[in-house]
Amino acid sequence: MTDKYTDSLDVMLADGLVKSPDDFTKKVMHRISEHADIESSRRLTTRSLIGDYLKNSLWPAAALATSAALGGFQVIAFIFGIWIPATAG
Amino acid sequence: MKNNQSMEQNSPRKPLFAALMSTALPGLGQLYNGEFNKAIWLFLLFAIVSVPLVVIIALVLPAVLTLPLVILATLLSIGIWVFAIVDGWRVANRLRDFKISAWQTSGVYTLVFLVCATVILPSTMLWVRKNQVEPLYVPSGSMEPSVLKGDFLFAQKSYNCPNCWGPEVRRGDVAIFVYPDNRNHYYIKRVMALPGDKVTLQGTTLTINGERLNTDAEPETESLGGKSWQVQWSDDVPDETFEITVEPGHAFVLGDNRSKSNDSRVFGLVPLSDIVAKARQVWFSKSDDGIRWSRVGRMLN
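Residue numbers (our numbering), protein chains in the order written: chain A, 24 to 112; chain B, 1260 to 1560.
Treat each hint with caution, since some may be false.
[What the hints assert, rightly or not] Calculated cross-link-like contacts (lysine-lysine; reagent style DSBU-like; alpha-carbon spacing at most 35 Å):
(1) LYS1408/B <-> LYS1358/B
(2) LYS1486/B <-> LYS1389/B
(3) LYS1358/B <-> LYS49/A
(4) LYS1389/B <-> LYS1358/B
(5) LYS1297/B <-> LYS49/A
(6) LYS1358/B <-> LYS50/A
(7) LYS1358/B <-> LYS1297/B
(8) LYS1273/B <-> LYS49/A
(9) LYS1273/B <-> LYS50/A
(10) LYS1297/B <-> LYS50/A
(11) LYS42/A <-> LYS1486/B
By construction, these hints were calculated from the structure, which means they are not laboratory data.
Because the structure is a prediction, the values reported are computed rather than measured.
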């Protein structure tokens, strides 16, 4: 049985908490808590691997570019629809 | 706590995404940037104020202003579109610390795009063309010299409709109607007589209810109801007599190019309900010799 005051851990704890810098929470803890939520809840599965691939590859950009082109055609059709003539013989 | 943190995670906006989304639909990029109110107003300005509202205003004002106002409406809608793209980019560029909301998901953007771009915009333009103004191309010379082959004109659709505020059919109107022998085609002719009128055409002399329309002016001109217009006859018009009394609910129409017109003398009377528009103004004209700039802006009624 050890003396509680001779145990090195007890000595450290008895000294009290270390004072952290003022911006410690903003710089470190915030980022740790962000990553902890993501990393701790994830499991590597085929689905998550596919999801990572789709998110990090060119697919979102390609989908967006295609949508922009299709939407752009619709917008142009609306703008110039008043100029596309029917025929009156 | 965990769900709140995931809803409020920092997700810097990408300027290229915002610009491309506004390219697809004005206001969608603003939605991506979290500017909900601006997104709605931009879309409303684009979809309702630019083309539809200006076109309706054009119909209230004199016909000579139709072409300038339609040009203005087109430029306004292009301007709103470009503004939405540039504004989406610039605002996204500033949003480096952006807390994304729960509703800002790809599903919401897709739904908004589908509803607005594929339903609202096409429906709005169809409504404008069906009920307000429709552009028409005239491929025949049956209405020369008033309307030339190769003329592009704006026609007022709020015409001859009981529940709208537009004018009624009047004698002398250059009207567009559904061709009786093929209801998939429009024809353009001049309304000469309304229900109850007696029409007599002897040679080149036209009388409506005993009133002679031909004047002594050269080139050959007819006058009716305060309007006058030139007509064309070939040199070999047979001296035949054509008479008809217009039945209730119908109109008698003739082309101004009398010798080269397929009109009521051939296909009979036109039901008034088939008269769908009134020619308003020429906005472009081309022939085999080139563009006829002198006809651009010419009024027709």
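These are the hints, each one checked on the structure:
Between LYS1408/B and LYS1358/B, the direct Cα distance comes to roughly 61 Å. Violation of the 35 Å bound is thereby established for this hinted pair. As the CA atoms of LYS1486/B and LYS1389/B are separated by approximately 27 Å, the hinted pair is consistent with the 35 Å bound. Of the supplied pair hints, the one linking LYS1358/B and LYS49/A holds, its CA atoms being roughly 16 Å apart against a limit of 35 Å. Restraint check for LYS1389/B and LYS1358/B: not satisfied, since their Cα atoms lie roughly 45 Å apart, outside the 35 Å limit.
Restraint check for LYS1297/B and LYS49/A: the C-alpha separation of about 32 Å stays at or below 35 Å, so the hint holds. Note on LYS1358/B and LYS50/A: the hinted pairing holds, with a Cα-Cα distance of about 18 Å set against a maximum of 35 Å. This hinted pair checks out: LYS1358/B and LYS1297/B have alpha carbons roughly 18 Å apart, not beyond 35 Å. Pair hint LYS1273/B plus LYS49/A holds up; C-alpha atoms about 24 Å apart against a cutoff of 35 Å.
Proposed proximity of LYS1273/B and LYS50/A is supported: the alpha carbons are some 23 Å apart, at most 35 Å. Among the hinted pairs, LYS1297/B with LYS50/A is consistent with the structure: their alpha-carbon atoms are about 34 Å apart, no more than 35 Å. The straight-line distance between the Cα atoms of LYS42/A and LYS1486/B is roughly 96 Å, outside the 35 Å bound, and the hint therefore fails.
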